[in-house]
Structure formats: C-alpha cells, structure tokens
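S.K.: Sequence:
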Amino acid sequence: MKTMQNPNLIKTCFLCENKINYIDYKDTQFLRRFMSPHAKILGRKRTGSCQKHQKLVTQSLKRARHMALLPFVAAN
7 MKTMQNPNLI KTCFLCENKI NYIDYKDTQF LRRFMSPHAK ILGRKRTGSC QKHQKLVTQS
67 LKRARHMALL PFVAAN
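Taking this note's numbering, the leading residue of the sequence shown gets 7, the next gets one more, and so forth.
Calculated directly from the structure, the hints in this document are not laboratory data.
Among the hints, a few may not be true.
Label pairs and their computed distance ranges (CB to CB) [unchecked claim]: (1) Gln57 / Asp30: 19 to 27 Å; (2) Gly49 / Lys25: 33 to 41 Å; (3) Thr9 / Thr34: 16 to 24 Å; (4) Ile16 / Lys61: 13 to 21 Å; (5) Ala45 / Ile16: 22 to 30 Å; (6) Phe20 / Lys46: 13 to 21 Å; (7) Lys51 / Thr9: 39 to 47 Å; (8) Val79 / Ile16: 29 to 37 Å; (9) Arg39 / His72: 18 to 26 Å; (10) Leu75 / Thr9: 36 to 44 Å; (11) Lys51 / Lys25: 16 to 24 Å.
Dumping the calculated DSS-like pairs for lysine-lysine here, alpha-carbon to alpha-carbon at most 27 Å [as the list claims (entries may be wrong)]: (12) Lys17 / Lys51; (13) Lys25 / Lys46; (14) Lys68 / Lys32; (15) Lys68 / Lys25; (16) Lys46 / Lys68; (17) Lys46 / Lys32; (18) Lys61 / Lys46; (19) Lys32 / Lys58.
We put the CB at the ideal spot given by N, CA and C, even for glycine.
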C-alpha cells in the first residue's frame, strides 16, 4: 500500500527563496511554469507563491499575452 504525501504541507514561495523581486514579461520560459497546459494562470495554492509574487507573475503573464509572446488560449 502506498503512503500518501501530506496534502497540508506548506509550500514556500520559490521567488522569495531565490530573492527574485522583478519578473520579466519577456522571459516566457520562466512564466510557463505558472501556466497550465491549457494556458490558464495557475493559482497560489497550486504554485506555492506568496500573494506579492503571485500578483507580479499574473501581471507579467498578462503583459506577455498582450505583446503576443504567450497565447491567450492553448491550440489543440
């Protein structure tokens, strides 16, 4: 029988750990880790980001979408 991981385990913010204060909207490879395969923005609980950094990520993703660097919807 497999043991289940603790679902209540608190994730630490990846951006806080690495002391990243600015997220560049042109760095699409980095931004894709905060998106689902269907090009939706993942929530804080899913990514483990703090509120401050989740807001920066969301803002950068929206800028990249507006500049046509990232898709609004994933192509099938």
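S.K.: All hints are to be evaluated individually against the structure, with a verdict given for each.
M.R.: A quick look at each hint next to the structure:
no. : hint                      : in the structure
1   : Gln57 / Asp30: 19 to 27 Å : holds (20 Å)
2   : Gly49 / Lys25: 33 to 41 Å : violated (23 Å)
3   : Thr9 / Thr34: 16 to 24 Å  : violated (37 Å)
4   : Ile16 / Lys61: 13 to 21 Å : holds (20 Å)
5   : Ala45 / Ile16: 22 to 30 Å : holds (28 Å)
6   : Phe20 / Lys46: 13 to 21 Å : holds (19 Å)
7   : Lys51 / Thr9: 39 to 47 Å  : violated (22 Å)
8   : Val79 / Ile16: 29 to 37 Å : holds (32 Å)
9   : Arg39 / His72: 18 to 26 Å : holds (20 Å)
10  : Leu75 / Thr9: 36 to 44 Å  : holds (42 Å)
11  : Lys51 / Lys25: 16 to 24 Å : holds (23 Å)
12  : Lys17 / Lys51             : holds (8 Å)
13  : Lys25 / Lys46             : holds (25 Å)
14  : Lys68 / Lys32             : holds (11 Å)
15  : Lys68 / Lys25             : holds (22 Å)
16  : Lys46 / Lys68             : holds (11 Å)
17  : Lys46 / Lys32             : holds (18 Å)
18  : Lys61 / Lys46             : holds (15 Å)
19  : Lys32 / Lys58             : holds (20 Å)
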